[in-house]
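Q: Letter by letter, the chains look like this.
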Amino acid sequence: DQQVKQNSPSLSVQEGRISILNCDYTNSMFDYFLWYKKYPAEGPTFLISISSIKDKNEDGRFTVFLNKSAKHLSLHIVPSQPGDSAVYFCAAGSSNTGKLIFGQGTTLQVKP
Amino acid sequence: SAVISQKPSRDICQRGTSLTIQCQVDSQVTMMFWYRQQPGQSLTLIATANQGSEATYESGFVIDKFPISRPNLTFSTLTVSNMSPEDSSIYLCSVERSGETQYFGPGTRLLVL
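The listed protein sequences derive, respectively, from chains A and B.
Letter 94 of the first sequence, counting from 1, is numbered 94 in the numbering used here, and no numbers are missing.
Letter 113 of the second sequence, counting from 1, is numbered 1113 in the numbering used here, and no numbers are missing.
The hints are simulated quantities; they were obtained by calculation from the structure and are not laboratory data.
Subject to a maximum C-alpha distance of 30 Å in a straight line, what follows is the list of computed DSBU-like cross-link-like pairs (lysine-lysine):
1) A:K99 x B:K1065
2) A:K37 x B:K1007
3) B:K1065 x A:K5
Okay, the calculated bits of chain B under chain A, using three or more residues with CB under 8 Å as the criterion:
4) 1040-1046
5) 1096-1108
Listed next, with one range per pair, are the computed distances between beta-carbon atoms:
6) B:D1011 x A:I53: 41 to 51 Å
7) A:Q2 x B:S1005: 29 to 39 Å
8) B:I1012 x A:I53: 42 to 52 Å
9) B:G1040 x A:G98: 19 to 29 Å
10) A:T45 x B:T1044: 16 to 26 Å
The structure displayed is predicted, hence computed values, not measured ones.
The beta-carbon is built from N, C-alpha and C at its ideal position, and this holds for glycine as well.
Whenever a hint applies, use it, and build me the whole structure from the sequences.
A: Below, the structure is given as structure tokens:
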């Protein structure tokens, strides 16, 4: 039973355009969500997070949107840069446990 | 954020042997976590390690196979025991900072032959 799903294994966008990565979850107990970027041979790097009491959080080129009724979140990267090419994981957590459940990841390729 | 180091960064081991992975953090943290990322898969939580108490293991992971130590607030070890090729994975430690945000170490890449 996969509680956090990233249904798109890969995404390719042109440099300068918007990248939209999507994530769905099933457990209503999740109350915070995070996005991580992972390069090969490195550990995941924290990008941005959002609490369940918000529907949007922005940090520079990165914006995360949360739709609680749809149990859906998305990460927008604008403008996309070639250095953004990596695997992106969404993760969901419950403040009761501190544990994170990760999605399968989406490989983003930004073409120059 | 947090500065986290792991040793070894990678290893190739023979089946039946054991490997201990070390995780060192630059400052004291309460909660440390151990994850596994099998080839082509997502990150899966193995256990939560709090200082002064036994580690809490997730479903599918047992202490005999993955014993964990947490001797102080900056250090933890994970041992992969009696290894088989199915244990070939990236093993990652993480710590909780800034609320619920977890920061990860660089990972240990394990290949079991």
